[in-house]
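The primary structure of each chain is shown beneath.
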Amino acid sequence: KAGVTQTPRYLIKTRGQQVTLSCSPISGHRSVSWYQQTPGQGLQFLFEYFSETQRNKGNFPGRFSGRQFSNSRSEMNVSTLELGDSALYLCASSLAPTSGRLPDTQYFGPGTRLTVL
Amino acid sequence: AQTVTQSQPEMSVQEAETVTLSCTYDTSESDYYLFWYKQPPSRQMILVIRQEAYKQQNATENRFSVNFQKAAKSFSLKISDSQLGDAAMYFCAYRSAITGAGSYQLTFGKGTKLSVIP
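The listed protein sequences derive, respectively, from chains A and B. Residue numbering for the first sequence is 1 to 117, as defined by this note's numbering. Residue numbering for the second sequence is 1001 to 1118, as defined by this note's numbering.
To be clear, the hints were calculated from the coordinates, so they are not data collected in a lab. None of these values were measured; they are calculated from a predicted model. Heads up, the beta-carbon is just placed ideally off N, CA and C, and yes, glycines get one too. The reader is advised that the hints may include incorrect statements.
Only part of the chain B face toward chain A is listed, based on derived beta-carbon distances under 10 Å [said to hold, decoys possible]:
1. Y1025
2. D1031
3. Y1033
4. Y1037
5. Q1039
6. M1045
7. F1064
8. Y1104
9. K1110
Each pair of labels, with its calculated beta carbon distance range [unchecked claim]:
10. B:E1052 x A:R73: 27 to 33 Å
11. B:I1098 x A:R15: 39 to 45 Å
12. B:Y1054 x A:T80: 44 to 50 Å
13. A:R73 x B:Q1044: 33 to 39 Å
14. B:D1031 x A:A96: 16 to 22 Å
15. A:T20 x B:Q1014: 42 to 48 Å
16. B:K1070 x A:L117: 43 to 49 Å
17. A:G3 x B:D1031: 41 to 47 Å
18. B:K1110 x A:R63: 21 to 27 Å
This is chain A alone, in the form it adopts within the complex:
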């Protein structure tokens, strides 16, 4: 099976612009989560989507948004970019929950390195 794929791998933007990142989960996985990784804050949860619905959102401003499509692919968007948005953005996928129980593992993609100038 192919792993989680993220595009683009690298991105350079300037302040005030907006950006869209894409994530394709492992085939059969219906849950997609996004994380931001910075040297200062470490790994922080952004949001999680399952069945095209946002199930969980981290403590980020409204400039950060996302969506999931019917094929489970997900995109995240950051509007009005700030210098502090420079980070590695990681996407992770997992199987769907069953009987109210979460699957045990999230598998990560290679990440998108966003640099804001």
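Starting from the known structure of chain A, fit chain B onto it as the hints suggest.
Same frame as chain A, now just chain B:
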């Protein structure tokens, strides 16, 4: 809210020796998962080992094993016969096992940078 603490920002080990990375966590839940992820310089986050809280037996994966102490909320990773390829950042992570508000996310520790000395 759950928290995960890794008290060792950096560690080093001689090649072929054994090293143990520490992790403690805080939660009021009884059913959860714990993970160790490895992030090499390539930045790809790789699952090393996982543990289900209701299983008393410690998980093992080849040279990697954990010491899970549920009452003490401790989850350490032991790497035996260390290899140069083990050099990476290691993150301890927590995830609830039951669906509900806030349950889907992984909560990570700050990480431990492991260096392997030839």
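- Query: Quick one, is the M1045 of chain B hint okay against chain A at 10 Å, beta carbons?
  - Reply: 4 Å, holds
- Task: So, K1110 of chain B near chain A? Judge it on the closest CB pair being under 10 Å.
- Result: 5 Å, holds
- Could one say that the CB atoms of T20 of chain A and Q1014 of chain B fall in the range 42 to 48 Å? 46 Å, holds
- Item | 33 to 39 Å as the expected CB spacing between Q1044 of chain B and R73 of chain A, which holds or is violated | 20 Å, violated
- Message: Given a hint of 16 to 22 Å, does the C-beta separation of D1031 of chain B and A96 of chain A actually sit inside it?
- Response: Distance hint for D1031 of chain B, A96 of chain A holds at roughly 18 Å.
- Supplied contact hint for Y1037 of chain B, tested at 10 Å Cβ to chain A: Where the cut-off is 10 Å and the nearest Cβ of chain A is about 8 Å from Y1037 of chain B, the hint holds.
- Message: Please check whether K1070 of chain B and L117 of chain A have a Cβ separation lying inside 43 to 49 Å.
- Response: 47 Å, holds
- Does D1031 of chain B pass the interface check with chain A, least Cβ-Cβ distance below 10 Å? This interface hint holds because 8 Å falls under the 10 Å limit.
- Message: Is the interface hint satisfied for Y1033 of chain B? The criterion is a beta-carbon contact with chain A at less than 10 Å.
- Response: 5 Å, holds
- Message: If I claimed the Cβ atoms of I1098 of chain B and R15 of chain A lie 39 to 45 Å apart, would that claim hold in this structure?
- Response: Holds, since I1098 of chain B and R15 of chain A (Cβ atoms, about 41 Å apart) stay within the stated range.
- Item | Minimum beta-carbon distance criterion (10 Å), Q1039 of chain B to chain A | Holds: closest Cβ of chain A sits about 9 Å from Q1039 of chain B, inside 10 Å.
- Should the hint that Y1025 of chain B touches chain A count as held when the rule is a Cβ pair under 10 Å? 15 Å, violated
When held up to the earlier numbered hints, the structure conflicts with 1, 7, 13, 17 and fits the remainder.
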